[in-house]
Amino acid sequence: MTSKSRLHIPRPSARPGEAPDFSYLSLSEAGAVSRPATSATASEAEYLAQNLVRVMDDDGIAQGDWIPDLSPEQKVEALRLMLLTREYDNRLQRAQRQGKISFYMQSLGEEAVSIGQGMALEAGDMLFPAYRNQGLFILRNTSLVDLMCQCLSNTRDMCKGRQMPVMYHNRKGNLFSVSGNLATQYPHAVGWAMASAIKGEDHIAASWVGDGSTAEADFHYALTFAAVYQAPVILNVVNNQWAISTFQGFAGGERRPFAARGQGLGIPGIRVDGNDLLAVYAVTQWAAKRAREGGGPTLIEHVTYRGGAHSTSDDPTRYRPKDEWQAFPLGDPVERLKKHLVNEGHWSDEQHEALKEQLKETVMAAWKEAISYGTMTEGPMLDVSIMFDDVYEEVPQQLKDQCEELIALKGTLS
Amino acid sequence: MTSKSRLHIPRPSARPGEAPDFSYLSLSEAGAVSRPATSATASEAEYLAQNLVRVMDDDGIAQGDWIPDLSPEQKVEALRLMLLTREYDNRLQRAQRQGKISFYMQSLGEEAVSIGQGMALEAGDMLFPAYRNQGLFILRNTSLVDLMCQCLSNTRDMCKGRQMPVMYHNRKGNLFSVSGNLATQYPHAVGWAMASAIKGEDHIAASWVGDGSTAEADFHYALTFAAVYQAPVILNVVNNQWAISTFQGFAGGERRPFAARGQGLGIPGIRVDGNDLLAVYAVTQWAAKRAREGGGPTLIEHVTYRGGAHSTSDDPTRYRPKDEWQAFPLGDPVERLKKHLVNEGHWSDEQHEALKEQLKETVMAAWKEAISYGTMTEGPMLDVSIMFDDVYEEVPQQLKDQCEELIALKGTLS
Amino acid sequence: MSQMNMIQAINSALDVVMEKDPTVIILGEDVGYFGGVFRCTDGLQAKYGEHRVIDAPIAEGGIIGSAIGIGVNGLRPVAEIQFADYIYPGLDQIISELARLRYRSGGEYFSPVTIRAPCGGGIRGGQTHSQSPEALFTHLSGVKTVMPSSPYDAKGLLISAIESNDPVIFFEPKRIYNGPFDGDPNKPATPWSKHPAGEVPDGYYSIPLGEAAVVEEGDELSIITYGTMVHVAQAAVRNAGVKADIIDVRTLVPLDVETLTRSVKKTGRCLIAHEASRFSGYGAELSATIQEECFWHLEAPIERVAGWETPYPHAFEWDYFPGQDRILAGIRSIMEAV
Amino acid sequence: MSQMNMIQAINSALDVVMEKDPTVIILGEDVGYFGGVFRCTDGLQAKYGEHRVIDAPIAEGGIIGSAIGIGVNGLRPVAEIQFADYIYPGLDQIISELARLRYRSGGEYFSPVTIRAPCGGGIRGGQTHSQSPEALFTHLSGVKTVMPSSPYDAKGLLISAIESNDPVIFFEPKRIYNGPFDGDPNKPATPWSKHPAGEVPDGYYSIPLGEAAVVEEGDELSIITYGTMVHVAQAAVRNAGVKADIIDVRTLVPLDVETLTRSVKKTGRCLIAHEASRFSGYGAELSATIQEECFWHLEAPIERVAGWETPYPHAFEWDYFPGQDRILAGIRSIMEAV
Ligand SMILES: Cc1ncc(C[n+]2csc(CCOP(=O)(O)OP(=O)(O)O)c2C)c(N)n1
Ligand SMILES: Cc1ncc(C[n+]2csc(CCOP(=O)(O)OP(=O)(O)O)c2C)c(N)n1
Ligand SMILES: [Mg+2]
Ligand SMILES: [Mg+2]
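Chains as they are written, first to last, in the numbering used here: chain A, 1 to 414; chain B, 1 to 414; chain C, 1 to 338; chain D, 1 to 338.
If you're looking for bench data, these hints aren't it; they were derived computationally from the structure.
Each hint can be trusted.
Pulled from the structure, derived: some chain D residues nowhere near chain B, Cβ distances all over 10 angstroms: (1) Lys20; (2) Ile123; (3) Ile159; (4) Lys187; (5) Thr190; (6) Pro191; (7) Tyr205; (8) Ser206; (9) Ala235; (10) Lys243; (11) Lys266; (12) Met335.
Computed footprint of chain B on chain C, listed as stretches where at least three residues anywhere in the stretch have a Cβ under 8 angstroms from a Cβ of chain B: (13) 116 to 130; (14) 322 to 335.
These numbers come from a predicted model, not from an experiment.
Ideal Cβ placement from N, Cα and C applies to all residues, glycine included.
Please build the complete structure, drawing on both the sequences and the hints.
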């Protein structure tokens, strides 16, 4: 039967043991793609989905229409935030290996997406992150201790022990609760933006999904509702080439860029170099301005690479070349921004190393504080009655009874 | 709050009491759109989604690249099938009004879609119809009596009394079971086509949804899976401008044609004059050939108009101008094919009237036979034990017990 | 006070709440200009504008998903699902998101969405316009589930549902939209105007969620039911000449265990009735709970009268529907048990 | 015969059936080249080719929807849903299509889809990797629902499920993939190699759907359970020193009522245990059915030990999980009832 099969099965360009091959990635030169007015029609902006908006060239020099108006200080701050995110990831990845937390997911290699976009948006804009957007939480001043305590499910956990690691939220920071279910937050962002429009407010919403998650229904719902009501929302697809073990071709990325997914609905799409912080910032600013002007939604595809394993439960050497990231033509977002800053004379190797050292200490200090509030295995522990709160606004009688039953049972045991 | 609202709310061009206005419909001249090779790339075929493939001009003369190779006899047969479908609809619509059946849905004005496409496909191709594709059943020789008995839920009902009217199927005719749930059959068609490809067979699948139904998740799943595996399937969107009371703008049709919905995945889309049987036939043939050659899926949007009420439960004068259909620029598919045949000298008004009369009799005879097998209210009745069959392949003990309980209970009552 | 049928009562509830609270908005298929296929939102768009009564794309998951986001942004969305049979494309958003948002965010986020859906059979709607899927929702932690059985209750409960900061699934038994159907399809339908619960205050009032109603009192038997079956049970009891407590559960979650058990402890006999299929239906939970709480008072097995374990069959509607005859048979068997 | 853990047994079932029947194909997220996140399909793509073991887009509704079409075209699809917690986007296709296709088409169409999904808690997976949603499926007419508790049963039941022309939802309690977990997270895990049911024939065999297994015999009490809880119950009974029938339901639908009631009629006392939340859980149906069938034999209320009525809480896993202590408390209360 199979010998005659005509079913097309997408195949990644390289498997373990083979040489990485990114020839499938269509690239544009830095500065090559022009910047339309934010009032451009969807048709006028259509070329943005087929090309790749890039600002920094191989020497780190900014090129073209999309150079954002960022001061050296802002760029250094962006670099700091990316490095901090990476250091935070390092620390928690190790904590998982040491059995202090049950699970972890790094954003290694994708830091420019969260930091570049977060910087381009306003504090009143509401963000609906996915699990690899820790950079947004760090950027919006969620304390590292709070983030760590969430991962530790300890007595200071913002989720009160109810969520796996990385499922953060930050109410004051306008960061929505991360869900373990893929893409479910996408229609929430659209709904939030609809409400903002209904109320006549200026705030916009933004959300993120991975390349793989675009196959889910919620992706379609979100695009449809955003298009129908022209909701002020930025919908991001972080195309890091992989969805656990399947490459982006299994989500339909073989023929067209993900940036083109909204075209059939008239949603402009921008394909951007996701490892180029300046480009990410610039396209986000464009989309945000457009949304605030009443121009409706924009879909942004960030072309990047998942530098690490999918999660601490994953071993990517089983399905992709070990050195694939090293061969990724868009490099490492940290190194690229560093090069740009060094080139412009605002940064040096020494400063860079010193900053890394300092961030390491900051993170370590935060970690020490965080574990003082308890770990998965060591004291202080959350009061078990918390398990029964927040299912409803008020605890119903049945849950009160169950809580009592449990406490009584624990009493007889100890 | 609402005074400041910026939410875009789609608005139909005319409401009851206003003059119909189809200026929003972008039209092409008959023959104006060229026909690419079936081996064309998706990009080469992209213009087909933005234009409108038409063959018959206002005088009924066939024009351009897409003129299909149909003999006069075949075209007369197509006319006959459209008329038969319409007469069948007439009869069942009246039956519902008389309380003989519980519900009905006409395909008035959309007959060319089912007849044109059905004729262009092969008997081994598997069709996954929606509820307004009765033409496909008629074309594939499902006996009128069988169709009517389904609507009557009587002793000869193919569904054994289990389905509302119009939820037909025809196993031998390769017509899948119509579902009351919108769009659910779309991924079935793709799966069927995948299996055909896996087995190395030549048969393709086709499915239909309405404009409104494109917002459902299954539309997205079907397109994604079809694109990923390049499944040999034709996915049709019958854009009859309305989805119960909402016009096609509420499904995202305001900015781009539905034919463009697959572009972001590299699925070629064709926008066709759905009331032009020759054009419908021609584009279907193109898509079928392409699929059989391994070229993968095609999305076809049929631009047509829902000439009647949504169903017998609906009153369209509450939400659209009474005379909107009369103003529809693409006319009536029956009249258009008739004009073409008359113009070509293969048909006459007299023949037309005679045929209509004859079909009326055929349908009436079928109806008389059908009701002899029972109606909703008058005997013969299905044996009640049939209610418990086919839930599973074998009737489990629990259902046997329930059946006995019911029969015993009915026994005590009578 | 006015005479209202259940549609008018629901319409009135929406009107009253929208008037009172400008953050309430309605979203659903055909709910806007047209006023809904059952006309529950008739006139509301004209009154409150296109931005508060919003026609939606045909995407139940999108309606519920966007309603969640709307709710997070300070508005109070009431989503209509055209038929309960079409709620399933939205189940993931209900189960994974709506029900758990407050819990998983440590109480910091919630979305006060109310989802209205006409449910139940008896209207010759076949399998896709007749289902009673309430059991599925009652197994979820974090949503409340409600089903009224009269215009008066429908308005009062719907107002409470909309005002609740918890998500509520509000099922409307469409067979009794126009009158208290007693299970006999051959009799002319009684309108609500002939029923005391068809008298409905014009203005604001509410009925707390979580309280069952004893609609009929007796000491020989407890019948526990909800929705359309309340009226079928009442008719059956009249015909059986038995003195029964008839309890309308009204709020399925959280369940008013107290009212149920008080009755069963008194009568010692209990019949549970609902339209949905029996196996793993909501009646199973009612039966299990009552058995646990009232075991020592039971004088006969608790029985369930429910839909058969098949999809809803168009032609066999009245053999499938658990009508008076089946309730009578159940009553008989319970009363004769020794 | 080989020593197999449950993953190997499932893999072996798939292998044996694919070898025997060339129409069997596998579809799911990460099931192909990678062999599945739990490695249940390890090696199968290499052996049977990319066209029979197919990596799918991340779209559970699309996987189930296309599997239905694949099944209609004469193949026999086994779909993997990566975690039971992610099955909800596919519920509409299961409820509205898969379960009803045979019925609604008068028996002319069907699709023999098997859906495998790892379920259950005890792995520190938080709310999105710990759920036990089986109750929802047991309320549907037209699908069978299965949950094995050992490698031997897993292989035999999975083979039957795949060969069945009825759709089957096959839940795999992932906590016992590697060993018969007894509910005590502080003890070193026992591997299947130490358990008789870890002995699995290498070749073809099958266990009929619809038959419960009496895994332990006694006359003082019946414990009815399934999945991981079978082992927790066994350990609890050992510690309680009570003589109990322990019945592993195995096939939740169709339920083997006969085996259950035979036991309860013998013992007069019954405890039901499952991981899922109690309210409207599958235990409610078990309790209701047993009460109906065995009322006159019951000497104490039937009790349910189940998950609390909250979402699955990460940090409180061992307070939430119905462990030995809760079963012991249940046994005590049932045995002491007079
Ligand atoms: C609804 C749902 N299905 C499946 C999963 C399991 N899962 C978790 S992450 C993942 C891959 C997602 O890939 P992508 O969207 O590309 O995001 P990335 O991990 O690359 O950032 C899968 C399949 C899930 N969490 N939710
Ligand atoms: C899942 C689902 N949601 C809602 C409905 C109710 N409904 C039946 S037909 C219809 C409108 C469909 O419009 P369209 O897809 O344009 O098809 P048309 O009726 O115009 O042929 C709606 C909302 C349904 N049958 N299924
Ligand atoms: Mg990815
Ligand atoms: Mg339509």
